[in-house]
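A.B. asks: Use these hints to put chains A and G onto chain U, whose structure you have.
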Amino acid sequence: MTAAQFPILILIIPLLAAFAISLFGGRRDKLAYGLLLAAMSGSFYAALQTLLLVLETNIPIHYRLGGWAPPYGIELVIDHLNAMVLCLVSGCALLTAIYSLPTVRAEIPDRIHHYYTLYCLLVTGLAGMVATGDAFNLYVLLEISALSSYAMLARGRGNAYYATFKYIIMGTIGACFYLLGVGYLYIKTGTLNMADLFRLLAEEEMQQSITIRIGFILIMIGIWIKMAFFPLHGWLPNAYTRASTTTSCLIAPLMTKVSVYIMLRLMFSVFSVEFVYGVIPWHEQIVWLASLAIVAGSISALAQRNLKKMLTYIIVAEVGYMVGGAWLANESGLAGTVYHILSDALMTLALFMAVGAIIHKTGKSSFAAMEGIFRKMPVTSAVFVLGGFAIIGIPPTCGFFSKWYLIRGGIETGQWLFVGALLFSSLINAIIFFRLIERAYFGDLSGHGHGPLPERDEAPAVMLVPMVVTAAALVIIGLYTSEIIGRIVLWTIPAGL
Amino acid sequence: MADFLPYIVAKYNYWAALVLLLIGLYGMIAKNNLLKKVIAMSIFQSAIILFYVSMGDKKGSTIPILLHGHGEHGALAIDPSQYANPLPHVLMLTAIVVGVSTLGVALAVLQKIHRVHGTIEEDEILESIEE
Amino acid sequence: MEQLPFLPATPALAILVSLLAVPCIYLSDQRPNLREGWTFAAAFAKFFLILSMAEWILAGNTHTYELCRILPGVSLSFTVDGFGMLFALVASSLWIVTTIYSIGYMRGLNEHAQTRFFICFAVALSATIGVAFAGNLLTLYIFYEILSLSTYPLVTHHQDEEARSGGRKYLTYLLSTSIGLALPAMLITYTLTGSLEFTSMGVFPADTAKPLLTILLLMFMFGFAKAGLMPLHSWLPGAMVAPTPVSALLHAVAVVKVGVFSIVRVLTGIFGIDLLAATSLNTLICVIAAFSVLVSSLIALSQDNLKRRLAFSTIGQLSYIILGAGLASRLGVQGSMLHIAMHAFGKITLFFCAGAIFVATGKKYISEMVGIGRRMPVTMFAFFVGSLSVIGLPPAGGLISKWFLVLGAMEAEMFWVLMVYLASSFLNAAYFLPIVYRAFFCSEEEAQFERKVAEAPLWCVVPLVLTAAVSVLFFFHPQPFFDLAVMAVQGR
Numbered sequence: 095m096t097a098a099q100f101p102i103l104i105l106i107i108p109l110l111a112a113f114a115i116s117l118f119g120g121r122r123d124k125l126a127y128g129l130l131l132a133a134m135s136g137s138f139y140a141a142l143q144t145l146l147l148v149l150e151t152n153i154p155i156h157y158r159l160g161g162w163a164p165p166y167g168i169e170l171v172i173d174h175l176n177a178m179v180l181c182l183v184s185g186c187a188l189l190t191a192i193y194s195l196p197t198v199r200a201e202i203p204d205r206i207h208h209y210y211t212l213y214c215l216l217v218t219g220l221a222g223m224v225a226t227g228d229a230f231n232l233y234v235l236l237e238i239s240a241l242s243s244y245a246m247l248a249r250g251r252g253n254a255y256y257a258t259f260k261y262i263i264m265g266t267i268g269a270c271f272y273l274l275g276v277g278y279l280y281i282k283t284g285t286l287n288m289a290d291l292f293r294l295l296a297e298e299e300m301q302q303s304i305t306i307r308i309g310f311i312l313i314m315i316g317i318w319i320k321m322a323f324f325p326l327h328g329w330l331p332n333a334y335t336r337a338s339t340t341t342s343c344l345i346a347p348l349m350t351k352v353s354v355y356i357m358l359r360l361m362f363s364v365f366s367v368e369f370v371y372g373v374i375p376w377h378e379q380i381v382w383l384a385s386l387a388i389v390a391g392s393i394s395a396l397a398q399r400n401l402k403k404m405l406t407y408i409i410v411a412e413v414g415y416m417v418g419g420a421w422l423a424n425e426s427g428l429a430g431t432v433y434h435i436l437s438d439a440l441m442t443l444a445l446f447m448a449v450g451a452i453i454h455k456t457g458k459s460s461f462a463a464m465e466g467i468f469r470k471m472p473v474t475s476a477v478f479v480l481g482g483f484a485i486i487g488i489p490p491t492c493g494f495f496s497k498w499y500l501i502r503g504g505i506e507t508g509q510w511l512f513v514g515a516l517l518f519s520s521l522i523n524a525i526i527f528f529r530l531i532e533r534a535y536f537g538d539l540s541g542h543g544h545g546p547l548p549e550r551d552e553a554p555a556v557m558l559v560p561m562v563v564t565a566a567a568l569v570i571i572g573l574y575t576s577e578i579i580g581r582i583v584l585w586t587i588p589a590g591l
Numbered sequence: 006m007a008d009f010l011p012y013i014v015a016k017y018n019y020w021a022a023l024v025l026l027l028i029g030l031y032g033m034i035a036k037n038n039l040l041k042k043v044i045a046m047s048i049f050q051s052a053i054i055l056f057y058v059s060m061g062d063k064k065g066s067t068i069p070i071l072l073h074g075h076g077e078h079g080a081l082a083i084d085p086s087q088y089a090n091p092l093p094h095v096l097m098l099t100a101i102v103v104g105v106s107t108l109g110v111a112l113a114v115l116q117k118i119h120r121v122h123g124t125i126e127e128d129e130i131l132e133s134i135e136e
Numbered sequence: 040m041e042q043l044p045f046l047p048a049t050p051a052l053a054i055l056v057s058l059l060a061v062p063c064i065y066l067s068d069q070r071p072n073l074r075e076g077w078t079f080a081a082a083f084a085k086f087f088l089i090l091s092m093a094e095w096i097l098a099g100n101t102h103t104y105e106l107c108r109i110l111p112g113v114s115l116s117f118t119v120d121g122f123g124m125l126f127a128l129v130a131s132s133l134w135i136v137t138t139i140y141s142i143g144y145m146r147g148l149n150e151h152a153q154t155r156f157f158i159c160f161a162v163a164l165s166a167t168i169g170v171a172f173a174g175n176l177l178t179l180y181i182f183y184e185i186l187s188l189s190t191y192p193l194v195t196h197h198q199d200e201e202a203r204s205g206g207r208k209y210l211t212y213l214l215s216t217s218i219g220l221a222l223p224a225m226l227i228t229y230t231l232t233g234s235l236e237f238t239s240m241g242v243f244p245a246d247t248a249k250p251l252l253t254i255l256l257l258m259f260m261f262g263f264a265k266a267g268l269m270p271l272h273s274w275l276p277g278a279m280v281a282p283t284p285v286s287a288l289l290h291a292v293a294v295v296k297v298g299v300f301s302i303v304r305v306l307t308g309i310f311g312i313d314l315l316a317a318t319s320l321n322t323l324i325c326v327i328a329a330f331s332v333l334v335s336s337l338i339a340l341s342q343d344n345l346k347r348r349l350a351f352s353t354i355g356q357l358s359y360i361i362l363g364a365g366l367a368s369r370l371g372v373q374g375s376m377l378h379i380a381m382h383a384f385g386k387i388t389l390f391f392c393a394g395a396i397f398v399a400t401g402k403k404y405i406s407e408m409v410g411i412g413r414r415m416p417v418t419m420f421a422f423f424v425g426s427l428s429v430i431g432l433p434p435a436g437g438l439i440s441k442w443f444l445v446l447g448a449m450e451a452e453m454f455w456v457l458m459v460y461l462a463s464s465f466l467n468a469a470y471f472l473p474i475v476y477r478a479f480f481c482s483e484e485e486a487q488f489e490r491k492v493a494e495a496p497l498w499c500v501v502p503l504v505l506t507a508a509v510s511v512l513f514f515f516h517p518q519p520f521f522d523l524a525v526m527a528v529q530g531r
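Chains as they are written, first to last, in this note's numbering: chain U, 95 to 591; chain A, 6 to 136; chain G, 40 to 531.
Calculated from the structure, these hints are not laboratory results. Hints are all accurate, no fakes.
Facing chain U, according to a computed beta carbon distance under 10 Å, are these residues of chain G, among others:
| hint | residue |
| --- | --- |
| 1 | Gly112 |
| 2 | Leu177 |
| 3 | Thr195 |
| 4 | Pro223 |
Short derived list, chain U residues pointing at chain G, Cβ under 7 Å:
| hint | residue |
| --- | --- |
| 5 | Pro490 |
| 6 | Ile501 |
| 7 | Leu517 |
| 8 | Ser520 |
| 9 | Phe536 |
| 10 | Ser576 |
| 11 | Ile579 |
| 12 | Gly580 |
All C-beta atoms, glycine included, are put in the ideal place defined by N, C-alpha and C.
Chain U on its own, in the form it takes in the complex (with noise of 0.2 Å):
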């Protein structure tokens, strides 16, 4: 194995894994989830050796798959951005995985091998599409992903089953959107690799043609419904409340994450800084709509009385930052979105955790399974705490840093109606969570504190380990921003930004 291969590896381990466990697999529990666990730090490793070449040389790895040339052979490529989040994901799987046996022994008690299966090729579907150099690549990944998300969203409680058909339908309608419009640039380009495309697409001809500028548009409304950008974010609420533990710690953070880095990595590696901000007259428009996106998603999410349902909404919002961001074209802004994708993804992921082992505890998901957490399960309601900080945007954890720059970026640019958004919506989510932090803390008032103190009742040590990393890494990211900012997501802003 030498290094040149790391690339690949980050896919095909994943994916070999998958056909392991499930020929295997259904021998034992414990044997799916030692396969697991092996492919996602395989998987992680890899990634992250991946990451430290490209900082180390500071330019993109292309790999060419079947050592194929392009634009006729498939390509991956990596560079500082889908560096970042291929860790980003194959790590989040890889804390997911770890934290998945007690909740999903408990959830999905039959058949475990079948459902870590659809985990490996979810998670192979999803570092695919962050690795890919190649548009039609993207869409078979993407529904790669979709499928096995579709099962594993099933796989939950209630009527898990209708809310799965919603994302079904509404999932297949993003990604035929995506898939036409890359048909509009084939027609136009005739190929489909993105670095040949973008070369293509920078001649002035292009930048004027009507077709590409409907590719563009059919193209991002259907990466806009994949990532649930309001108001065609319809769809994730139910679907992700319904899930069962273990498939909302790895869906929730990541494919919402995965589809911002694809907006971004179309909008700056096939279209253009001048196609996107110029050509196209909208940014200002998509930046208000961000804007309504995080107030709504703010004020749904005050609403609920639902934890998961709750945290869904509070993803609606936090996909309007990312949006916003990106679209208000200047440095700081996009350097808060790329930012923002790392500490979303984690705080999420902590805040899903958490909830996921207060419910798995409990058994309860409203807002009465909080009381008295604080005492119960201390470990457990620290790390709820310390995400939802992060969510709040309190100094040091990361979600502060990137709220920084992303309001910088609306100052920058005159965008006042998205400070103003970012700020209503850090005011929120301070209600909602310390309306929460309240409950946990005081307990139920009625017995006036003098009734017998509820046990220690601590979820077990493979939940609490990956929970406790993530708390860490929401404080550590957030104590090195600027070295993240430096050397990974400044390389990411494209030039004539």
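C.D. replies: Same frame as chain U, now just chains A and G:
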């Protein structure tokens, strides 16, 4: 109108794909019966497949297999204008596979919905959820 | 470059030392004596670390230590200068005293969750020193937020209905203002000027539009709501549900003073006194602060709950300090810096007394304290000294700082401010002295207490005697603090 008609006729394949696409989209959004939604989804995907396949075709072209690769017609055999563009067709093989898998998952989920809720009419399902 | 007489990282160490104590405190949960030992160790270590820098600072130097670059262009850095040193000395020395007092108070009342109490206390002190030594606005903001959050469990310590509503109010006011006003103000400043460093010249170019400056000024002043400027003051009386040591240290010293400190830092370091004077924005500051001074004093008159009366008095005194800075004259700023120290010692004495009365007799209301001097003469005498300091009468330190504030008002030729100071001093006297008078001088039938000395536990009494004594000491020896304040105004 006089200009419009030839415009449609000249690109009738795209227009046909578009009409199918819209039928599919309408069905997915507006139909109450979930099975009809699945059918609409299938139509929607097929429309895109047709769109791709037809874009690769050329008037009077043949399948992209080398004919008369030898002898005096050898030079003619590799003239690309003779052949349909194979790439969109190949891509659509993948898309068909994806479409079939989606259909399969959708049908499986639909079956489960029927088992849980006893119906595949959307309004009735929503009623039973609210209860 | 002269050799530093201390480690370059000392400011950071002074902040970290109480954080390091946190795991130790947590682990010795079951052994209260050891646990309090850790708190003492951290408190003394912190105090001596800060003291070790004092001489160097008094010699007219400043010291900057950059911990890390947190954002490109902005670092997490600590600067020790006269003003920061003054505040850090006050806060860290009072932590020691308060620790002694808390042990007496918490054990005397047999409070629950004492470990959590001491942990949060340690974190809050770290944050306070962090604010004192913050080298730029971002660092200050970070520690400011940590302080808000770490004090929440202290405010709501009793975990009952009243604590919940008090805590809710506390966080609502502090977080919504800091996120909604201070953060955007900071970002706008950064976008406009590209700098968040504190410099005596201010960061704004001279031609910045006045309306913009006005808006930013208001955002900063109300954004740091810990300063309790009216109309954003009502969290402070609400937060009086906390145990008394918390009210004493945090709500008379650390939290509220951090608010005032932040505002004064922003006024002197981000806007710059000269800019404020040149644009006559300082009048605006004075009007807002003067309003707060007078109204809060009037409200204090009508409060029967002793701690609430003290809280409203605090609101007034805090606005004094802002008023001093708003004068935009050297003497005024000096006075306001000195007043941070003087008021801290005076007010903490008063709170300690209130707590001692509660521990010894369970009384909270002033109307129930008639004749209490017969039973707790030491406590009430300390209370008397504390009141003198807050009112600004000799022989207590408060006179010194008020003297400079008055001089500042004259230097700035703002005579109406002078009147405000005088009026408010009368009001102070009117709401404090009757308590003392009625405690000692009352007829036999009015008195609610026996003529028998029964003080609170020694742990409670010693600290309040100490702080009262220090208040008096400052009247005779204000020199070190005075020098620091002078340096803070002239230096940089």
